[in-house]
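Turn these sequences into a full structure, and let the hints guide you.
Going down the list, the sequences are from chains A and B. Residues in the first sequence are numbered from -11 upward in steps of one, following our numbering. Residues in the second sequence are numbered from 2 upward in steps of one, following our numbering.
Hints listed in this document are in silico derivations from the structure and should not be mistaken for laboratory results. You can trust all of the hints, since none of them are fake.
Covered stretches of chain B, going by a simulated chain A footprint (3 or more residues, C-beta under 8 Å):
# : segment
1 : 122 to 136
2 : 219 to 230
3 : 242 to 254
Yeah, the Cβ is synthetic: ideal placement off N, Cα and C, and Gly gets one too.
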Amino acid sequence: MNISGSLGVWRQSLIRLLGVGMMGVVGVTEAAAEKVEGVEKGMPSVCFPYESGQPPGVATAIDRLVGAVLKERGIVSARPCSDEVFIRRVFLDVIGTLPTQREVVYFINSDDPEKRARLIDVLLARDEFVDYWTLKWCDLLRVKSEFPVNLWPNGVQAYHRWIRDAVKENRRYDVFARQLLTSSGSNFREPAVNFYRAVQGTEPEAIAEMVALTFMGVRTERWSENNRKELAAFFSRVAYKKTVEWKEEIIYLAPESTGSLMAVFPDRKRVTIAAGDDPRKVFADWLITKDNPWFTRSIANRVWYWLMGRGIIHEPDDIRPDNPVSNPALLAYLQGELVESGYDLKHLFRLILNSRTYQQSCISRSDDKYAAAYFACYTMRRLDAEVLVDALNGFGNTQEKYWSPIPEPFTFIPEDKRTITLSDGSITSQFLEMFGRPSRDKGYESERGTNPTEFQRLYMLNSTEMHTRIWRSPALQKIIAQSGKDRKATIRRVYLTLLSRRPTDGEMAIALAHFSGSARKAGVRGAVQDLAWALLNTKEFLYKH
Amino acid sequence: MKPPNNPLKVSRRHLLKTGAAAAIGAPFLNSVNFAGAAENKEGGPPDSPAPAKTVIEIWMWGGPSHLDTFDPKPDAGADYCGPYNEAVATVADGMQLNSRLPLMAKQADKFSLIRSMTHGVNAHETAAYLMQTGRSAGDGQVYPSIGSVVSKYKGYDHGYKGLLPPYIVLTQPHGRFSGEGFLGPKYKPFATGGDPNRDPFTVQGIIAKGITDARQQSRRDLLHSLDTLGKANPNSRDFKKLDVCEEKAYSMILGDARKVFDLSSESDALRDRYGRHSFGQSCMMARRLVENGVRYITITYKGWDTHKMHFNTMNQKLPQMDQGIATLFEDLAERGLLDSTIVWCSGEFGRTPKVLWNEPWKGGRGHFGACFSSLIGGGGFAGGHVVGASNDKGMEVEDRPVYPQDFLGSIYEKLGIDPEGTIANGRGENVPITIASEGKGRLKEIM
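So, in C-alpha cells, the structure goes:
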C-alpha cells in the first residue's frame, strides 16, 4: 500500500509514531494528560469512559442498511464509542496488538476530524496486520505440522510463507482461492498444494468437506450422502505421491483417470469432465464467479464476523437454508462491494471499520434479545489467546515458553517471537492451550475457544507468571521510579499503560483510597503493583469492547 | 510416518452406521433438535453402583521398555535384556519384574500386568492418542482422552461438588493427549505446574509465593470496585460466566483447597518412602487428591524416550519409579482407598526389544508399538495376575492381544461408564465411547 504522497502533517506524524516499535514505553507529559482530562469533563450524559456524544464520521451505506432493519424492529442502537475505546478496539481487531501509551495520547489529543479514518488506513498498512491475518488464515487452513492433519514442519514453513505473502500483497481473494484450489506439484515448491494436504484423510469426500467449509462456509456433514458424493467427484482425481526427498509429497492429477466423469455442482447443474481434465479446475470455474453467491457470500460474511464478532449469518461457517440471514441487504451490499473492488478484502475492512455501526459502543441500549444479532451494539469478545499473551508479555517483558510435540526435525522457536507470528499450529504453550487457541483440527471458526474457565481465572489472578510480569514490568518500574508526591499522576500512568485511557473521577478516588489505605504499608511499589494487578484482571483489559 | 495396516482403523462411515447417527443422511439436518434427541442415548452412569470412584493414571511419556520393567526376559541374551539378566520374583505367583523393582515386587498382589498390549503404531503422537482415546488418528474428528470422558460423566455435569477440579494433571499437561477433543474446554484437565518435591508446591494459580491472604483479599476488593466495564454491562452473559469462574478460582485461592496441596502435614517417614523426588511426591499428592474426591488424576512421568544410553537412564529412573508406585499401592490399600481407586500405568508404546548397541545409540532402544506392557490395579481389578504374554524376546504378542480400547473400556466399565454407550461429538452425532477391537475385548480375566 502506498503511504507516501499527499499526506497531511497529522498523518505523517501518526505514521511515524505508530510505525515505531510496540514495546517501548514512553512517559506522558502532564500537558498531554491535562488535555485528556478535558475530554472527560465534556460529556456528562454518556457513559464515560466508553461512549461519546458525537457520532463519528458520516453515516455510510452499511449504517443505512443496518439502521433500516433496526428501525423496522424498533431496536435502539448503542451510542458511538469514545476515542479511547476506538483506538484500543481498532488496534486489537485489525492488528491484534495493543496501542502504546504514546499512540493513545497522540490519537486522543488530535483535533483532526478524519483521525479515525486515517488511523484505520495506517493500521491496514502495518506489519502486524500481515502477521495477525496470516494467523487467522492459518487457523482456517489448518496449518500445523502434525495431528490430526500432517503437513510436517517443512510443509508448514512453505505454506505459511505463501499465505503470508498473499496477505502482505493483499492478493485478490478470487486469485488466492483459485491458487489454493487448483495448484499441483511439490509441497515444498508449490506451497499452495498444502491446501490438499491439510485435511484429515485424502479421500475425495474428506477433501470436498474441507473445500466446502473453507470457500462456501458450508458443512457437508449436513448434506445427504448423495450430495456429498456429488461434490466429492470433483476431487476424485487428486493424487498424492512421495519422492525420495524426506517428507516431500507431490499433488497431481491422477493419470489413471481415463474415462470421462459426470459431476453435479452444488447448484444442481451437471457437467461432463473429459478424461485427462482436472475436475478441480472445473469446480473452481464454477465456484469463483461474481454471480455465484456461494463464494462471495461466505467471504463477505466472514469478514463481517471477524470485525463485528457476529456473522450476518451466524456461525459464519455453517451456512444452510435454515440458518437465517439477519440482514440480507447488508450481506448483498458487501458481496457487491467485494466484486466491484476486484475481490479486495482490505476494501471490505475499510468499509466496515469506517462505519458508525462498527464504531458503536458495546453498551446495548435495547432489551431486545436479538439486538446483537441485528448489530445494535459492538459485540464484546475476549482477546484471542495469542493477542492476550503478547499483551501480557509486552507488559511484563517476559517471554513465552513454546514447545512442540513434533520430535523431528527439532523446531527452533526464537523466544522473542510474538505469538501472533507463529506459523505452526503444533507449536504451542501452556497459556495458548489454556486460553483456547484454535486446534486447527477442522478449521471451524468455533475452534477458537472464548469461554472463560476457572483455570484461566486462576492464571490471571494468582499465577507465578502473572506475579512475575507485574514484578518485572519495565513500564511499572518506570512509573514507580517517577512517582512523586502527585499520586494522581502515578495512577493515571498505570491506567494509560494498561487500559489505554485515564481513570474516571470515581476510579481515581478508589485508587487513591487504596494507596493510602490497605496498601499503605506496601509503599508506592506495592500499591502500584496492586493497581496494575487489578487492571490486568478487569473485564476491560480482557475483552475487546 | 504412517502406521502400517492399523487394525484399529475404523472408517467414519462405519462409525456413523454403528453409532446412533444413522439420521445423518437427511440434508440440512436441524442440529439443535437432533443433538437434543440424541442426548438420551448417551452412555451415562448406570443405576447400579460401580466399584471405582476415581482413577490415577501414571503416564510414562516417551514409552518405557517393556523388557526392562514389567516383562523381563532375563534369558533372552544381552542383545535383548542388556545388563538386566535377572528378574525378581514377586509376591504374586508367576509374576516377575525387572530386578530393579524390588519394592513393587512386594506389592504385586495389588496390581496386574498386561503383557500383550498392542496397537502397532510407532510414532509418539498417534500412539499416545491411541492409548488415551482408544481411537486411531485421522478419521475426521478428535476424540477426548479417557480423563476428559471421566470428567464429563463423573464431574460437574453429574453432581461433582469437590473443592478441586475433577480432572487434575500433576504437574505438566501432556498436550493434546490429555485433551478434551470434541468435548470442548470444559473438560480440560487442570495442570498444577510447579513441583511437589519443593516447598511450597506452587500450584498454578492456587498457591503463589509471597502474596499474603490479606493482600489477596484487598486486591480482590480493589478489582471489584474498579470493574467499570462490568458495571456498565450488567446483563452480559459472558461477564456473568466470568464472574462464576472467578468465584470458583477464589474458593481455591483463599479456601481450603490449597491445604490439599500442602505436603508438610504428611509424616517425613511416609514422604521418604514415596521418595524425595518429583515423581514420588507426585504419587503422594495423587493419593491426597483421591482423598479429596478428585475423579481423575494424571501423573505425567517424563523421560522414557530412551533412544540413546538407555540403560544409564533406566538405572537412574527405575528406583524412583519403584518407590513411587509401590508406596502408592501400599498407602492406598492401608487407607482403604484401593478398592475404589483404579491405578494404571503405561506409556504410549514399549521399546524395541533388541538393543541398538552401535553408534550413535550406544545401547539404545527405539519405539515399539507391536507389543508392550501396562499395569492396572485397584478399583475392582484383581491383583497378582498376568494377562496375555509376549514371545520369548518380547517382539510380538503371543497370547491374548489387548488393544487400547479394550484396556480403556475395562476402566470405563469399572467406573460405571458404559463403554458401549455413546457420546455426543459436538456436531450433532453420537459416537460410541469405545469401539470393538479385533481381540478378545475387555480384561474379563481380572474383572
